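Peer 1: Residue numbers (my numbering), protein chains in the order written: chain A, 1 to 102; chain B, 1001 to 1270; chain C, 2001 to 2293.
Simulated from the structure, these hints should not be mistaken for lab results. Source: prediction; values computed, not measured. Even for Gly, the Cβ is constructed at its ideal location relative to N, Cα and C. There may be inaccurate statements among the hints.
[Claimed, not checked] Label-pair distances were calculated between CB atoms; the ranges are:
{"id": "1", "chain 1": "C", "residue 1": "VAL2045", "chain 2": "B", "residue 2": "PHE1058", "range": "51 to 59 Å"}
{"id": "2", "chain 1": "B", "residue 1": "HIS1055", "chain 2": "C", "residue 2": "VAL2078", "range": "39 to 47 Å"}
{"id": "3", "chain 1": "B", "residue 1": "ARG1227", "chain 2": "C", "residue 2": "LYS2002", "range": "50 to 58 Å"}
{"id": "4", "chain 1": "A", "residue 1": "LEU40", "chain 2": "C", "residue 2": "LEU2272", "range": "15 to 23 Å"}
{"id": "5", "chain 1": "B", "residue 1": "PRO1162", "chain 2": "C", "residue 2": "GLN2186", "range": "49 to 57 Å"}
{"id": "6", "chain 1": "C", "residue 1": "ASP2037", "chain 2": "B", "residue 2": "PHE1012", "range": "51 to 59 Å"}
{"id": "7", "chain 1": "B", "residue 1": "GLY1130", "chain 2": "C", "residue 2": "LYS2093", "range": "35 to 43 Å"}
{"id": "8", "chain 1": "C", "residue 1": "GLY2235", "chain 2": "B", "residue 2": "SER1043", "range": "44 to 52 Å"}
{"id": "9", "chain 1": "B", "residue 1": "THR1041", "chain 2": "C", "residue 2": "GLN2186", "range": "52 to 60 Å"}
{"id": "10", "chain 1": "C", "residue 1": "SER2133", "chain 2": "B", "residue 2": "VAL1079", "range": "24 to 32 Å"}
[What the hints assert, rightly or not] Residues of chain A clear of chain C, computed beta-carbon distances all greater than 12 Å:
{"id": "11", "residue": "TRP4"}
{"id": "12", "residue": "MET5"}
{"id": "13", "residue": "THR8"}
{"id": "14", "residue": "LEU20"}
{"id": "15", "residue": "MET21"}
{"id": "16", "residue": "ILE23"}
{"id": "17", "residue": "ALA24"}
{"id": "18", "residue": "MET25"}
{"id": "19", "residue": "ILE30"}
{"id": "20", "residue": "PRO42"}
{"id": "21", "residue": "LEU64"}
{"id": "22", "residue": "LYS71"}
{"id": "23", "residue": "LEU90"}
[Claimed, not checked] Simulated pairs of lysine to aspartate or glutamate, EDC-like, Cα-Cα distance not exceeding 16 Å:
{"id": "24", "chain 1": "C", "residue 1": "LYS2093", "chain 2": "C", "residue 2": "ASP2218"}
{"id": "25", "chain 1": "C", "residue 1": "LYS2053", "chain 2": "A", "residue 2": "GLU81"}
{"id": "26", "chain 1": "C", "residue 1": "LYS2007", "chain 2": "B", "residue 2": "GLU1037"}
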Amino acid sequence: MFEWMAWTTPVVVFFTCIVLMLIAMTVWEIRSPTVMRKGLLPIATTRGDRLFIGLLTAAYINLLFVALGEKMMAWFGLEQEPSVWISFALSMLLLSIIMKKG
Amino acid sequence: MDERRFRKRTLFLILYLVFAILPVYWMVNMSFKPNTEIVSTFSLWPKHFTLDHYHTIFTDVSWYSGYINSMIYVAMNTVISLLVALPAAYAFSRYSFLGDKHVFFWLLTNRMTPPAVFLLPFFQLYTTLGLMDTHIAVAMAHLVFNVPLAVWILEGFMSGVPREIDETAYIDGYSFPRFFTTIFIPLIKSGVGVAAFFCFMFSWVELLMARTLTSVNAKPIVAVMTRTVSASGMDWGVLAAAGVLTIVPGAIVIWFVRHYIAKGFAMGRV
Amino acid sequence: MKPVNQKAWFLILPVVICVAFSAILPLMTVVNYSLQDIISPDRRVFVGTEWFKSVMRDDDLQGALIRQITFSLTVLIVQIPLGIALALSMPAKGWQASAVLVLVAISLLIPWNVVGTIWQIYGRTDIGLLGASLSAMGFDYSYTGNATDAWLTVLVMDVWHWTPLVALLCYAGLRAIPDAYYQAAQIDGASKLAVFRYIQLPKLRGVLMIAVLLRFMDSFMIYTEPFVLTGGGPGNATTFLSQYLTQKAVGQFDLGPAAAFSLIYFLIILLLCFILYNWMQRVGTSDKEVSNG
């Protein structure tokens, strides 16, 4: 039935995380409803907005990191391109900052 | 002062209309010319007037069935879009609920995906379901961009209707389905008309998906037209005639909804 | 404030199911493709971020992106004011109103490949009205040879094709303004400009939001018309993002890179629309405060 979608493990993990995140956000929202607030971001946001902005920023950070891979090799004199896990960790850190302070 | 202003506006309008009509006139002009005249001479009106191209279209089954196929899936798409969008737009305009703003934005994002992205997955999906080359497949695929638009437009109209009307009806003992179909929908008739027009239009002119998802039985007119490009050169005349004929259904639809547009709509909350 | 009612979810469920079926399943598939080298439907190799690397480091893509953003912004700058002006000058009542509405809307109803074909002929200097008139006026015009001409032709074609959408939406918005507003303005002795700025423009906010976002999204995905008209040329003067993508996906059948490209493309549109959406909402609300206070 779903073979045509050409599933791979990382993508399964990725979408499972997204679904879990949505469920968690829903439960959190029911337990303690969010309030609009103005933080570091230029617009007033709810928790859901911050999650969206955070995820979008994370995606862009990973893309930029991938784009700059070769250049970073030259800058830091690396043997090979830096691992994408670095940018992943970086983007997750930023996501949590946006969620908390945004 | 007002008189001069009025004339300035009319002048602008006429200029724009000329700009808008000339390319269409050129197409109509071409559709009445023989192919040799089209590619060889510049003429403001047909020198050798001919109806051959229209004759080709009306007698060749693959041509006129293209029109029928297009109309079938466009009609299906418009009806489905409106049926699912009406209750959703009501929900968005009347209630706040968990994640309402996010769902609304998510719907809009579906209009942002370039159709080329989805061509292959759609092909695979509908092949798996055994729906390839059916009208419903194209109608379903077009829902991606039409449903969000319909929800968006209808929500605007519905926000303009005072909420007291709903409350009074519920107090009078109307059930939701009865209130919605007998009182509410007639109130936003013009919104339904405008939304239907936009759904019709975007589904009617879309080429990429309609072409990918059909081969013979449901082949739409936009895809049949690409046939006029052949090894022996373009059949410009037939193409122009087909183009002229594609405007006709749309012109009829806009004629029916013109009152709704002219009556105007104020968008409430956005 | 609207009452909270979680049961409203049942009303939006049909929409969510419909759109999820035709959007989320394909989107997941595209994500899957983007991480694999698809040699044939049965032979796939996992390649990780390889495709993202190659797309992000592609100079042609950056060129296409810059051309695309320039084009979309120009489209907005030209079409939105032109559409508003057109809506303001369209007659409000009578048979003229109906006739003008139908005439204005015609270009919207022409299938996109036909639009390209019409302009292909229309712009030719030997047999097309536009091309012939331009060369008769002494311009050395050729949309197939000159990059600027080609770009301008695509722009004029898009203006011709889509300004009516803006105009129709604004026209409908204008007709919804009650006469009382205009009478009040007349008593105050407001100038036409003031009427436009403080009555008409704020009332058009909702429809303008739809118009701006629709035009932005659709022009960002423009494909069929320039493909038929210029084929992306001359050189790559009119190769916009969508064309570049389709060349990859359909032309070279590189599903992996095409999928990675699509996702990046989607992220770009998502970000731009998110900014535009929030910005317009802010402009709108501050306008409201002005008119209330």
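Peer 1: Checking against the hints above, which ones are violated?
Peer 2: Result: hints 5, 7, 8, 10, 11, 12, 13, 19, 20, 21, 22, 24 and 26 break, sorted rising.
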